[in-house]
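Chemist: Start from the sequences, fold in the hints, and give me the full structure.
Per my numbering, the very first residue in the sequence shown carries number 1; after that it's consecutive.
Hint data in this document are derived by calculation from the structure and do not stem from the laboratory. Think of the CB as a built atom: it goes at the ideal place given N, C-alpha and C, for glycine as much as any other residue. A couple of the hints might just be wrong.
[To be verified] With a straight-line cut-off of 25 Å between C-alpha atoms, the simulated BS3-like cross-links for lysine-lysine are: (1) LYS154 <-> LYS176; (2) LYS155 <-> LYS176; (3) LYS60 <-> LYS305; (4) LYS74 <-> LYS60; (5) LYS176 <-> LYS522; (6) LYS100 <-> LYS176.
[Claimed, not checked] Simulated restraints on C-beta separations: (7) ARG539 <-> LEU131: 38 to 44 Å; (8) ARG539 <-> THR488: 15 to 21 Å; (9) GLY224 <-> HIS443: 24 to 30 Å; (10) GLY213 <-> SER70: 29 to 35 Å; (11) SER59 <-> ALA389: 31 to 37 Å; (12) LEU320 <-> ALA389: 26 to 32 Å; (13) GLU300 <-> LYS522: 38 to 44 Å; (14) ARG281 <-> LYS323: 35 to 41 Å; (15) ASP50 <-> ALA492: 40 to 46 Å; (16) PRO303 <-> GLY213: 48 to 54 Å; (17) ARG449 <-> ALA389: 36 to 42 Å; (18) LEU490 <-> GLN291: 53 to 59 Å; (19) GLN291 <-> ASP50: 45 to 51 Å; (20) ALA55 <-> HIS120: 20 to 26 Å.
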Amino acid sequence: MHKTPCLLVLFLAFALSGGTAENPSSAAVADVEGNYADLADSYGIISTIDSGLFATYQSKDRTAWERVYSEKRKQVSEKLSHISASRLSPLDGRAVDAMKRHLRDDFPEQFNDQNAPPEHCRDAQRHDLSLTSLEGALHSCFTELGNNLEFESKKVTRVSALGMLEEMNEEERRKKLFYAFDSLWHAIDGNHDSGSPYRRLIPLVVSAADGHGTWVDAAAKTIGVSSTEVERWLEQILDTWRQVDGGQMVEPWNYFYRGGEAARLLSAATPNNSFVPVNQRYYRDLGADLQQLGVLYDLEARPGKAPLAYTDFVTRGRLLDGKWRPSVVHISGSYATGGLGLLNELVHENGHAVYLMAIHVRPAFMDVSAELFDEAFADVPSWNTYEPAWQRKYLGQAASDSASQRTLFSSVMLDVAWALFECRMLRTPGSDPNELWTDITNHYLHIVRHPEISWWALRGQLVQMPGYMVNYGLGSVLTADIRQHTRTALGAFETGNPQWYSWTSERLLRYGEELDTSTLLKQFLGRPVSPAALLDQIRRVGQN
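Modeler: Here it is in structure tokens:
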């Protein structure tokens, strides 16, 4: 086991304590960081109350926590305004900058319930909405319509429907289920003209990004390349898949089925009531005991629940009276049905959870370092669900390597296609999204052209955070690179490795925002990030 050198221990103890050391400016920073930690905790608690997980926390209801939030935000704002940057150490200066940025971007003066935006889906048809309001209205469509798809006289959620498309044997039923999304597609893209809600959204996103960049620019910075290089990598990944995929054209409602052989073979072994026990056993074998870590789960489907699975802080870890108080993290998802894909999603969300729990820094830096890294790391453990050895150990039976890898990469390639789609939409916001999506999926994924339908609109991130899909698509590059380096340096971890969590936490996870992600990744890998590992794994599909 790697041991931290004693000098580094002393440095970390100094940093975590706020680094006051007889410097009045540092003392002022440490003081505001205490209020900032309280602010972040009150925000996380209110958000979790709004999610529906609980109504009170530490004997306080939402109203009481909102008072705490308002008081702490005012204190943080006032104290930050009185700190002179010229007298700060570089680390304290970065801490102040981080707090100011989060105060501006993440902690609004008036707290809003993010899980229940004031806009309704129908509001997206209005032409007078701001960017934030239009994003909120379109996101509501995924709750109001996406979680209530009509199929065979029943209501199914978007997530369940996508899983069903992998497993449903009758093509005609698959086609009907696929077209059950039509009301959602119409709400997002209207009549496929320049006045559609989505086509009005993209220019607003581009305009708002002027000066600070888009999600694509942020992702490029994370791995130390240009946005142009990001797009080139995405094209290279998709072209490699195109070459190994076989070339047989497939209807979009059959794409999921063709790539879902492993899900069908393991359907009986992946009921939804097995998801949490399987996750707990697997992560325990990786050295991360989810029960001891205290991860909270909210996994039942219910009306009005957030349409996307997510993981977030309830409260953030911090030093109190010289002792580290661990973070409290919760996972929200809707798992009305079972299936390998949904099990994989929960393994992914627990990947987020163990990352958040591993961050061990001063309050100003207690957050994920970059969204691209956050999403990519969560897939480092979750991709193992598509390894036959993992399936045999945790499910009791396994699909073939060929079927498992095709199921994994059929999904990954859709994410890469969405990432390329968003790169091009943000670069040329006047593009027709249907034509663009049709061109990408036809050329690279061999999907029959259907420019008359907006079937690209299957992911809520496309409208809630336009550009965010790059963190999944490009994230696959980072996932494969981290996995390859981990196997080389630590050993196999497909079926567990008790050193994995402590080893990964020490080298990658504990820093939060304290270290620049690009620098951290180069330090971890010993070189710049490269798509080579991912391209090699894609070629593995063609060799089976």
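Chemist: Now look at each hint and say whether the structure bears it out.
Modeler: Here is how each hint holds up against the structure:
Simply put, LYS154 and LYS176 have alpha-carbon atoms about 13 Å apart, close enough for the 25 Å limit, and the pair holds. The hinted pair formed by LYS155 and LYS176 meets the criterion: a straight-line CA distance of about 14 Å does not exceed 25 Å. In summary, the hint linking LYS60 to LYS305 is supported, as the alpha carbons are separated by about 22 Å, within the 25 Å threshold. With a CA separation close to 20 Å, the supplied pair LYS74 and LYS60 stays within the 25 Å bound.
Restraint check: the Cα-Cα separation between LYS176 and LYS522 comes to about 48 Å, which exceeds 25 Å; the hinted pair is violated. Simply put, LYS100 and LYS176 have alpha-carbon atoms about 50 Å apart, too far for the 25 Å limit, and the pair is violated. The given range of 38 to 44 Å is respected by ARG539 and LEU131, whose C-beta atoms sit roughly 41 Å from each other. Separated by about 19 Å at the C-beta atoms, ARG539 and THR488 satisfy the suggested range of 15 to 21 Å.
Taken as a hint, the range 24 to 30 Å holds for the pair GLY224 and HIS443, whose Cβ atoms sit roughly 29 Å apart. The hinted range of 29 to 35 Å is satisfied by GLY213 and SER70, whose Cβ atoms lie roughly 31 Å apart. A beta carbon spacing of about 47 Å between SER59 and ALA389 contradicts the range 31 to 37 Å that was offered as a hint. Judged by the Cβ atoms, the range 26 to 32 Å given for LEU320 and ALA389 is violated: they are separated by roughly 42 Å.
A beta carbon spacing of about 42 Å between GLU300 and LYS522 agrees with the range 38 to 44 Å that was offered as a hint. For the hinted restraint 35 to 41 Å between ARG281 and LYS323, the CB-CB distance of approximately 30 Å leaves it violated. In this structure, ASP50 and ALA492 meet the distance hint of 40 to 46 Å, their C-beta atoms being roughly 41 Å apart. Our hint of 48 to 54 Å for PRO303 and GLY213 is violated, since their Cβ atoms are close to 37 Å apart.
The supplied range of 36 to 42 Å is met by ARG449 and ALA389, whose beta-carbon atoms lie about 39 Å from each other. Evaluation of the 53 to 59 Å hint for LEU490 and GLN291 yields a failure: the beta carbon distance comes to about 24 Å. Between GLN291 and ASP50 the C-beta distance comes to about 26 Å, which lies outside the given range of 45 to 51 Å. About 24 Å separates the C-beta atoms of ALA55 and HIS120, a value consistent with the hinted range of 20 to 26 Å.
In this structure, the hints that do not hold are numbers 5, 6, 11, 12, 14, 16, 18 and 19, in rising order.
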